[in-house]
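Trainee: If you want the building blocks of each chain, they are given just below.
2 protein chains.
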Amino acid sequence: MVHYIGISDIERLVGDIGIGPFLSRLADTIETDYRRWDEFEKSARVASHSHDGVIELMPASDGTLYGFKYVNGHPRNTAQGLLTVMAFGMLAEVSTGCPLLLSELTVTTALRTAATSAMAARWLARPESRRMALIGNGAQSEFQAIAFHELVGVRELRLFDIDPAASAKVAQNLARVPALHNLQVHMCSSVREAVRGADIVTTVTADKRRAVILDETLVEPGMHLNAVGGDCPGKTELSRELLLRPDVRIVVEFEPQTRIEGELQQVPADHPVTALADVIRQRAQGRRSAQDITLFDSVGFALEDFSALRLLHEILNEQTGPVRELDLVPTLDDPKDLFGGTLGRSSRTRLRRVA
Amino acid sequence: MVHYIGISDIERLVGDIGIGPFLSRLADTIETDYRRWDEFEKSARVASHSHDGVIELMPASDGTLYGFKYVNGHPRNTAQGLLTVMAFGMLAEVSTGCPLLLSELTVTTALRTAATSAMAARWLARPESRRMALIGNGAQSEFQAIAFHELVGVRELRLFDIDPAASAKVAQNLARVPALHNLQVHMCSSVREAVRGADIVTTVTADKRRAVILDETLVEPGMHLNAVGGDCPGKTELSRELLLRPDVRIVVEFEPQTRIEGELQQVPADHPVTALADVIRQRAQGRRSAQDITLFDSVGFALEDFSALRLLHEILNEQTGPVRELDLVPTLDDPKDLFGGTLGRSSRTRLRRVA
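In order, the protein sequence lines correspond to chains A and B.
The opening position of the first sequence corresponds to residue 0 in numbering that gives the first Met the number 0, with each subsequent residue numbered one higher.
The opening position of the second sequence corresponds to residue 0 in numbering that gives the first Met the number 0, with each subsequent residue numbered one higher.
Bound conformation, chain A alone (with noise of 0.2 Å):
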């Protein structure tokens, strides 16, 4: 049998570890993966575009365990009430192939993906960050707004989105969360607004264009810039010339990918990047001074998607209580013997219709 994790698990489950020490966990699992690189298979995700979007398949290896995830973007499924973001994963076990996990990942990638731009900005942004713009207050703000409170500090959170309900929405989710009383929540009626004097910039709008939510005139030195919404082909939030800046240091998850899906698309592709890996592995250096200005520019990579299913079937296999378990593959005596353990076993298999 295979485990399974569906919508009702993943809350159970996050609601008895407490999302930030979730967080916490999913960022630590994410940067273990990330020192141990080059024991990973690596390759960009395998993409069917259509005229309405994109569904993609990002499998990963680290020789032990093998994970994928399945995962749409549909900018326009909002409004027939659909997520624009869905997806799901498995966890195998290499030497077998055997699957040990099902799971969903529509949660779950909004957890990994806040868990990831918080990691990183550990080791990028400048370690007395406490003002945060959170620009673009679609289905990922509440997860990033509270990563970054959890594990990077800040204490001040700026919010604007060219929908003011969509800050009103974030702002009110925040505000039932308990444990958050100590992040102060500010709307802004600009990016400007929200930019000024903060020392990390998110951006997570999800439009399928090419858009400059951020240009050069609006950053600061010393800024660390959380670029998260810019992630396929065609599709960016930042200004070329803010990324051809001297001074800005632009790192990146899988550089053949993020060439590709990146804001780094629109740069020559000789355009000198750091790897997350590398900074993680103190290799490189993310940021050299104070006034550098450090660009995640994130794309969302299969190492964090293997990293999240191994977390969770690692928390399955601490649970005490039941587990959802499917048949998804059979269990035979004889596994030679498939179709007798199978078709074959049962009264009802006959060769035509009964009438």
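The reader is advised that the hints may include incorrect statements.
Stated by the list, open to error - Below, simulated SDA-like cross-link-like pairs (lysine to any residue); rule was C-alpha separation at most 20 Å, straight line: (1) B:K41 / B:V272; (2) B:K335 / A:V45; (3) B:K41 / B:S94; (4) B:K335 / A:L81; (5) B:K41 / B:E254; (6) A:K335 / B:T77; (7) B:K41 / A:V45; (8) B:K41 / B:R258; (9) B:K335 / A:S94; (10) A:K335 / B:S7; (11) B:K335 / B:T95; (12) A:K335 / B:A167; (13) B:K41 / B:K335; (14) B:K335 / A:I161; (15) B:K335 / A:K335; (16) A:K41 / A:S94; (17) B:K335 / A:S7; (18) B:K335 / A:K41; (19) B:K41 / B:I259.
The set of hints was computed from the structure by calculation and includes no laboratory data.
Note that the structure is predicted; figures quoted are calculated from it, not measured.
Since chain A is already given, all that's left is putting chain B on it; use the hints.
Mentor: Relative to the frame of chain A, chain B by itself:
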């Protein structure tokens, strides 16, 4: 909610329809999809090779539906009581990325492989073919036997396996299916004995190394060879000399994949082949004469799994009884409010663990 077909469901669905009619409908669905070959986004599978086996993802899309299969191949699994091949897959809507159906595909892969083999044989074997040799009597044998009996009209089956117990298992399983009483089953003590005088030779062995199950001295004019077992680099069943015979006509599913994974890997990259889709669309001839030896160099193509998922989805929609469902993706009142609709709505969601 996402529809779910587990092992117990596939047993019930196939049992209700009857395995004969099910295979027949599946073969027709696969043939229909091969006929609209040009509508499909096609790609070779994405493989992750390890010491013990391979894990693959096989996506396909016709622009309306998207399907993919997860499948492993671990020849040594049976020694620890596990299946060599385990699989599951997903069907989704291209316009929204919404998952529609999650299904077991271990049993279904055996069914679709047999349905594809029989469908190809309808186009390639001599019409009067009644006698089939079945070399390799592992997990897929009964499915091949039933499909060729039902769809091609095979009346005599000659079994051979290096392990006589495997042949005995197949004979026993087939004897239990009442409507197969007019299929004569013979156990043979050598490949030569099984193949002599056969109209069709099906090879479906599992060894992951270059093997010669069938060579040029064993085949006879007019035979149809259904080579199923050679399906990954280094895993072949036929001799190179057999492939190079001028009277052997090689038919393939998706040429770029078969050149790497099929028997075809043994011969030069420009060795002539015919696409199964072209035979079905009557753009190319498979068999030109009763003397030709036709060879279906089958490796299994993502389109066939797509067809199987599409058929299972159709069958579920025809069901009047209850269909199992999974909470694999969230259903939200406000699709822009992922946090509020999942973790945030629960009073359990707190920032820190409560003592």
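Trainee: None of the hints should be skipped; say for each whether it holds.
Mentor: Going down the list of hints, with the structure as the test:
1. The suggested pairing of K41 of chain B with V272 of chain B holds, with an alpha-carbon distance near 18 Å, which does not exceed 20 Å.
2. In summary, the hint linking K335 of chain B to V45 of chain A is not supported, as the alpha carbons are separated by about 26 Å, beyond the 20 Å threshold.
3. Distance check on the hinted pair: K41 of chain B and S94 of chain B sit about 18 Å apart at the alpha-carbon level, within 20 Å; holds.
4. Under the criterion of a C-alpha separation no larger than 20 Å, the hint pairing K335 of chain B with L81 of chain A is consistent with the structure, at around 9 Å.
5. Taking the CA atoms of K41 of chain B and E254 of chain B, the gap is about 11 Å. The hint holds against a cut of 20 Å.
6. Taking the CA atoms of K335 of chain A and T77 of chain B, the gap is about 7 Å. The hint holds against a cut of 20 Å.
7. Distance check on the hinted pair: K41 of chain B and V45 of chain A sit about 12 Å apart at the alpha-carbon level, within 20 Å; holds.
8. Between K41 of chain B and R258 of chain B, the direct Cα distance comes to roughly 15 Å. Compliance with the 20 Å bound is thereby established for this hinted pair.
9. With a CA separation close to 40 Å, the supplied pair K335 of chain B and S94 of chain A exceeds the 20 Å bound.
10. Distance restraint check for K335 of chain A and S7 of chain B: the Cα-Cα separation of roughly 19 Å lies within the 20 Å cut-off, and the hinted pair is therefore satisfied.
11. Simply put, K335 of chain B and T95 of chain B have alpha-carbon atoms about 15 Å apart, close enough for the 20 Å limit, and the pair holds.
12. Between the alpha carbons of K335 of chain A and A167 of chain B the distance comes to roughly 12 Å, so the proposed pair stays at or under 20 Å and holds.
13. Taking the CA atoms of K41 of chain B and K335 of chain B, the gap is about 33 Å. The hint is violated against a cut of 20 Å.
14. The hinted pair formed by K335 of chain B and I161 of chain A meets the criterion: a straight-line CA distance of about 14 Å does not exceed 20 Å.
15. Distance hint between K335 of chain B and K335 of chain A is unfulfilled; the C-alpha atoms sit about 49 Å from each other, more than 20 Å.
16. Between K41 of chain A and S94 of chain A, the direct Cα distance comes to roughly 18 Å. Compliance with the 20 Å bound is thereby established for this hinted pair.
17. As the CA atoms of K335 of chain B and S7 of chain A are separated by approximately 19 Å, the hinted pair is consistent with the 20 Å bound.
18. In summary, the hint linking K335 of chain B to K41 of chain A is not supported, as the alpha carbons are separated by about 32 Å, beyond the 20 Å threshold.
19. Restraint check for K41 of chain B and I259 of chain B: satisfied, since their Cα atoms lie roughly 15 Å apart, inside the 20 Å limit.
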